[in-house]
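Trainee: Protein chains in written order, with the working numbering: chain C, 92 to 312; chain E, 92 to 312.
Since the hints were derived computationally from the structure, they do not count as laboratory data.
Take these hints with a grain of salt, some might be off.
Subject to a maximum C-alpha distance of 30 Å in a straight line, what follows is the list of computed DSBU-like cross-link-like pairs (lysine-lysine) [said to hold, decoys possible]:
1. Lys184(C) to Lys158(E)
2. Lys184(E) to Lys306(E)
3. Lys158(C) to Lys292(C)
4. Lys288(E) to Lys306(E)
5. Lys135(E) to Lys184(E)
6. Lys158(E) to Lys243(E)
7. Lys158(C) to Lys184(C)
8. Lys288(E) to Lys235(C)
9. Lys292(E) to Lys243(E)
10. Lys235(C) to Lys292(C)
11. Lys184(E) to Lys158(C)
12. Lys135(C) to Lys158(C)
13. Lys158(E) to Lys243(C)
14. Lys235(C) to Lys292(E)
15. Lys243(E) to Lys135(C)
16. Lys235(C) to Lys288(C)
17. Lys235(E) to Lys184(C)
18. Lys288(C) to Lys184(C)
19. Lys288(C) to Lys243(C)
20. Lys243(C) to Lys292(C)
21. Lys235(E) to Lys158(E)
22. Lys306(E) to Lys292(E)
23. Lys306(C) to Lys292(C)
24. Lys184(C) to Lys292(C)
25. Lys135(E) to Lys158(E)
26. Lys135(C) to Lys292(E)
27. Lys158(E) to Lys306(E)
28. Lys306(C) to Lys135(C)
29. Lys243(E) to Lys158(C)
30. Lys135(E) to Lys243(C)
2 protein chains.
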Amino acid sequence: MTSSNTAAELVHYTYFRSSAAFRTRIALNLKGLAHQDVFVHLRKNEQMADTYTALNPQGLVPTLVHKGRAIGQSLAIAEYLDEVFREPPFLPKDAAGRARVRQIAYAVACDIHPINNLRVRRYLQNEMGHSEAEVLIFMIHWMKEGFDALEKMLANDPQTGRFCHGDTPTLADICLIPQMANARGADMDISTWPTLKRIEKACYELPAFEAALPKNQPDAE
Amino acid sequence: MTSSNTAAELVHYTYFRSSAAFRTRIALNLKGLAHQDVFVHLRKNEQMADTYTALNPQGLVPTLVHKGRAIGQSLAIAEYLDEVFREPPFLPKDAAGRARVRQIAYAVACDIHPINNLRVRRYLQNEMGHSEAEVLIFMIHWMKEGFDALEKMLANDPQTGRFCHGDTPTLADICLIPQMANARGADMDISTWPTLKRIEKACYELPAFEAALPKNQPDAE
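The following block holds chain C by itself, in its conformation from the complex:
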């Protein structure tokens, strides 16, 4: 389903390597929303430019500007898109199902990703004197712990379907897939988590996920 909007109404500030922007790319694609992309090169610190921090005081990507109003934080953007552009929904209708989807999403977005992102890795290297190899071990530790828990949450629950919750993608898949891409980038063995691996495969069969991959972005290097 294509929602009715114009590209001029929605401006998406993104960086191909950012997992948080990977989430919002999936969200925009799933909703079929026309939009304009603006590329913010994190490794060149473009996110710290005054013009960008005026939109996003945290200096993080992504930012979505809708009708002139800037929203930061990928999950706030995803929930906003879901409230304004209803179809297809990112959350089930029942409160218990919505809680389950959000729990899975936050298990990634609050307990894996923040500990592993660029600014934390940089800090561990530059301020705390760790080597790149030590930082990789740190990253892998938190991903393993998180994915082990997610596998348990998903494997034995009849609410898990083709995707994390039922047979259509939700906010949970929007968070899970970019994190799994990071795990693959760190050469982790995904087959340790058969349910996650199966869901990942189902997601990439949808163009919305495939097109959101870092390597498929215009700013990819």
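Once you have looked at the hints, place chain E on chain C.
Mentor: Same frame as chain C, but now just chain E:
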């Protein structure tokens, strides 16, 4: 307003020191919900007991069990409580306002708290060889960066009222206040962020916040 529920319907697994459980304590108090508390002593690793991980595979607090169904992740719990027990609402009615509140909440819950919590601090000390003093510098760095951004987001926005968004507490305040308590615990100078300090004062004038403080819990040491 007191919602109609019985304490037997809602079981809250909490630990006095946990900022995530501090959030759900505020949420339960704001909704006026009768509930039963179960104390999970994180420093004694009670969160890793099989009986607990069966409820919460991540082995984190809090967990809320409502009518036999377990929900983990403090923000999933808060959104669930808001959907099931409507008054007073934790989110404004308009999508843009909801996005703003969630953005503030996630700026704390995704970008400050996860990098600073007990398991990360333990890992930095035990696995990466840092002293307690070095870990404190790490914590303070991320709190300062986060609070600086939040002060900018809140200070110059007419949507900021007595609380983070308007004149009633929202999900944003539920996340902000426990993080500010951590900053105070680390002896940070709160007056650096006058808007945050003013909002904190307004929050503690409400019994829901005051009663949720770590020191006011039955399991406080």
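Trainee: When the structure is checked against the list of hints, which entries are broken? Sort them ascending.
Mentor: Failing hints, ascending: 2, 3, 5, 6, 8, 14, 17, 21 and 26.
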